[in-house]
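Whenever a hint applies, use it, and build me the whole structure from the sequences.
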Amino acid sequence: MNEILVLAEHRGGELRDVTFEMLGKAGALAGASGGAVTALLLGAGVRDMASRLTSYADEVLVVDHGNLTDFNSAVYQPVIAEVVKSREPSLVMVGHTAFGVDLAPSLAVALGLPLASDCIDVVLDGGAVSVTRQIYGGKVDARLSFRDSATALVTVRAAAFPVEDGARSGSVTELDTPVSDEPAFRRFVQYVEAAIGDVDITKSDVIIAVGRGIKEEENLALVEELAGLLGGVVGCSRPVVDAGWLPKDRQVGSSGKTVKPKLYVAIGISGQFQHMSGMKAAETIVAINKDPKAPIFSEADYGIVGDLFKIVPALKEKIAEARA
Amino acid sequence: MNIVVCVKQVPETAEADLKIAAGGKGIVEEGLALQINESDNYALEEALLITEEHDGDITIMTLGHESSEEVLRMSMAKGAGTAVRVADPAFDGGDAIATATALAAALKDVEYDLVLTGCMASDDGATQVGVALAELLDIPHATYVTEVEVGSGEVTVGRELEGGLIEKLTIKLPCVLGIQTGINEPRYASIMGIARASKREIELKSAGDMGLDASSVGAAGSGTVLEELTFPPVGEGADILEGTPSEASGKLADILKEKGFV
Ligand SMILES: Cc1cc2nc3c(=O)[nH]c(=O)nc-3n(C[C@@H](O)[C@H](O)[C@H](O)COP(=O)(O)OP(=O)(O)OC[C@H]3O[C@@H](n4cnc5c(N)ncnc54)[C@H](O)[C@@H]3O)c2cc1C
Ligand SMILES: Cc1cc2nc3c(=O)[nH]c(=O)nc-3n(C[C@H](O)[C@H](O)[C@H](O)COP(=O)(O)OP(=O)(O)OC[C@H]3O[C@@H](n4cnc5c(N)ncnc54)[C@H](O)[C@@H]3O)c2cc1C
Numbered sequence: 001m002n003e004i005l006v007l008a009e010h011r012g013g014e015l016r017d018v019t020f021e022m023l024g025k026a027g028a029l030a031g032a033s034g035g036a037v038t039a040l041l042l043g044a045g046v047r048d049m050a051s052r053l054t055s056y057a058d059e060v061l062v063v064d065h066g067n068l069t070d071f072n073s074a075v076y077q078p079v080i081a082e083v084v085k086s087r088e089p090s091l092v093m094v095g096h097t098a099f100g101v102d103l104a105p106s107l108a109v110a111l112g113l114p115l116a117s118d119c120i121d122v123v124l125d126g127g128a129v130s131v132t133r134q135i136y137g138g139k140v141d142a143r144l145s146f147r148d149s150a151t152a153l154v155t156v157r158a159a160a161f162p163v164e165d166g167a168r169s170g171s172v173t174e175l176d177t178p179v180s181d182e183p184a185f186r187r188f189v190q191y192v193e194a195a196i197g198d199v200d201i202t203k204s205d206v207i208i209a210v211g212r213g214i215k216e217e218e219n220l221a222l223v224e225e226l227a228g229l230l231g232g233v234v235g236c237s238r239p240v241v242d243a244g245w246l247p248k249d250r251q252v253g254s255s256g257k258t259v260k261p262k263l264y265v266a267i268g269i270s271g272q273f274q275h276m277s278g279m280k281a282a283e284t285i286v287a288i289n290k291d292p293k294a295p296i297f298s299e300a301d302y303g304i305v306g307d308l309f310k311i312v313p314a315l316k317e318k319i320a321e322a323r324a
Numbered sequence: 001m002n003i004v005v006c007v008k009q010v011p012e013t014a015e016a017d018l019k020i021a022a023g024g025k026g027i028v029e030e031g032l033a034l035q036i037n038e039s040d041n042y043a044l045e046e047a048l049l050i051t052e053e054h055d056g057d058i059t060i061m062t063l064g065h066e067s068s069e070e071v072l073r074m075s076m077a078k079g080a081g082t083a084v085r086v087a088d089p090a091f092d093g094g095d096a097i098a099t100a101t102a103l104a105a106a107l108k109d110v111e112y113d114l115v116l117t118g119c120m121a122s123d124d125g126a127t128q129v130g131v132a133l134a135e136l137l138d139i140p141h142a143t144y145v146t147e148v149e150v151g152s153g154e155v156t157v158g159r160e161l162e163g164g165l166i167e168k169l170t171i172k173l174p175c176v177l178g179i180q181t182g183i184n185e186p187r188y189a190s191i192m193g194i195a196r197a198s199k200r201e202i203e204l205k206s207a208g209d210m211g212l213d214a215s216s217v218g219a220a221g222s223g224t225v226l227e228e229l230t231f232p233p234v235g236e237g238a239d240i241l242e243g244t245p246s247e248a249s250g251k252l253a254d255i256l257k258e259k260g261f262v
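Chains as they are written, first to last, in this note's numbering: chain Z, 1 to 324; chain Y, 1 to 262.
This list has only true hints and no planted wrong ones.
In silico lysine to aspartate or glutamate, EDC-like type, Cα no more than 16 angstroms apart, as pairs: (1) Z/LYS248 <-> Y/GLU147; (2) Y/LYS168 <-> Z/GLU182; (3) Z/LYS293 <-> Y/ASP239; (4) Y/LYS25 <-> Y/GLU228; (5) Y/LYS259 <-> Z/ASP301; (6) Y/LYS19 <-> Z/ASP291; (7) Z/LYS290 <-> Y/GLU15; (8) Y/LYS25 <-> Y/ASP92; (9) Y/LYS257 <-> Z/GLU317; (10) Z/LYS293 <-> Y/ASP17; (11) Y/LYS25 <-> Z/ASP141; (12) Y/LYS25 <-> Y/ASP123; (13) Y/LYS168 <-> Z/GLU193; (14) Z/LYS260 <-> Z/GLU283; (15) Z/LYS293 <-> Y/GLU15; (16) Y/LYS19 <-> Y/GLU228; (17) Y/LYS257 <-> Z/GLU321; (18) Z/LYS85 <-> Z/GLU3; (19) Y/LYS251 <-> Z/GLU317; (20) Z/LYS310 <-> Y/GLU242; (21) Z/LYS260 <-> Z/ASP205; (22) Y/LYS257 <-> Z/ASP205; (23) Y/LYS19 <-> Z/ASP141; (24) Y/LYS172 <-> Y/ASP138; (25) Z/LYS203 <-> Z/GLU283; (26) Z/LYS290 <-> Y/GLU242; (27) Z/LYS310 <-> Y/GLU247; (28) Z/LYS290 <-> Y/ASP17; (29) Y/LYS199 <-> Y/GLU69; (30) Y/LYS172 <-> Z/GLU182.
These aren't lab readings, by the way, just hints derived from the structure by calculation.
The following block contains the structure:
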């Protein structure tokens, strides 16, 4: 039988969305191939989470142990390896998250499994797994297959699949897989929350966001003026923060803020998924970019293809005119 | 503190008009500017900062074709003492774990306390090589690292999780750290440094030199097989406002007014 094993991810006592996204996809794959969906949950005191997962999986495997409270790949990996070895699922799905990327490659090497990462689609054809992943910043899709291996390991991009209502009624199985103490070579110290700045961009109805296309710090004045005209705040992509041109609390994306303004104007931003995952829920998205193939245009409602240094000044004029 | 930094040369593609090559298994690389992968540049800078404070040598290492020696030379111009290019036709077409396998073999006769990689290559974006390398070397790792503080026999690092939450860990040396962008401010190489580096030697390591069986690396040693590249399906996409900058902006201003933003 085809078993699809999904590693449940949680943080701060909450199952994360990617878990349900993967379980939904696994359910569809299992339905088409006559397989079963199994969720693997590691943690401490996770009974409630386990029972919630039963609506999404045929079986929920639980390793409940005090040493599994905080995610530490050094402690988690051997436990997961043990379970995968004993069950030999045809597919193992792990989120392509800060948690998953720290774990999956080491799991793959330890078990000698093939690994395809950051997948946006997974196909099961007979017993054969193939995946689609994006390369070159989302400009090209690559389809990969797996050389014969009983088990294929994939990491799945967050929000690649929708969260659907769970319609299963699985059982919970407590496993007594041994769990080691946290090793001296890798110790968790603490979580540190991102610092809170003076502007909370998540509260603004209008965000004018700027990316690497702005080229120089001095040019930021251009977008600040536009933001002023529209009564909005300036946000940005990661490279602008990396360069020290704007503070971290202005960064939109997976490692920054998730925003849902009424209007999001992306200027000189290519639209890689780490950025788009933070803004695609905006009501109206406008993109200004000189590259007609920039991925941002696939998410935007309106686009202008061209040089931002010509368009933004012209736009400011036209807005002033429209207001008059 | 001896540090190995693994770097990859990648094409600049954010602004380029990409074409898929005949056969559908690669892109047309002609005409694309080649550069050091963004996060690898931060990894190199971190190594320079650490060795400036704690002494030690930097070995810069890449698996790549001859063109990638440019990246090694630029790294030597900034202060890396030794450069190694892992080079063999046998490595072609390898996936991330096959790449890590070759790098791990190349590290066998190098003395190091710390291995730094970038966290993700901007071209293939596997986000795998550093963590896989650590497992192959049987040493600890952390990736998405945005803070490194060197202690005695260990490092304290900050890993950046979703939403900007930082996970602090202490990790025993030697270890592999996958460095994330923004951790420091990468320097530029000096003209003098570049001139000096142009004459320096680059050590080449082939599969045979490292005692690697060709079937364990490259396409033959890869568990995944690249089938086909395609352009992403164009969904509904944006309504593109055409015209001169002034005309297009005029249309946008009208739309924004209609929606009540002006
Ligand atoms: C012709 C061709 C065929 C390919 N076939 C396949 C295939 O069949 N299956 C498949 O999965 N992939 C394939 N690839 C892509 C593959 O070669 C990737 O480059 C490899 O998977 C490494 O992953 P990555 O570059 O995304 O590295 P990541 O894991 O994203 O890189 C993380 C870090 O590791 C280090 N690193 C990565 N690569 C190197 C390097 N070469 N030298 C030194 N350090 C490095 C860098 O510090 C980097 O920041 C193919 C590529 C080509 C050109
Ligand atoms: C773990 C992880 C987390 C990340 N988290 C985030 C995150 O939270 N947020 C985030 O944004 N990124 C994040 N990133 C980085 C992300 O992968 C991309 O590198 C980044 O989003 C790219 O930013 P950009 O679009 O500004 O730059 P690029 O991709 O370099 O794009 C620049 C764009 O500007 C355009 N341009 C250039 N000049 C002009 C001009 N004169 N006129 C008009 N257009 C022009 C170009 O055509 C191009 O499309 C993360 C990466 C990793 C690995």
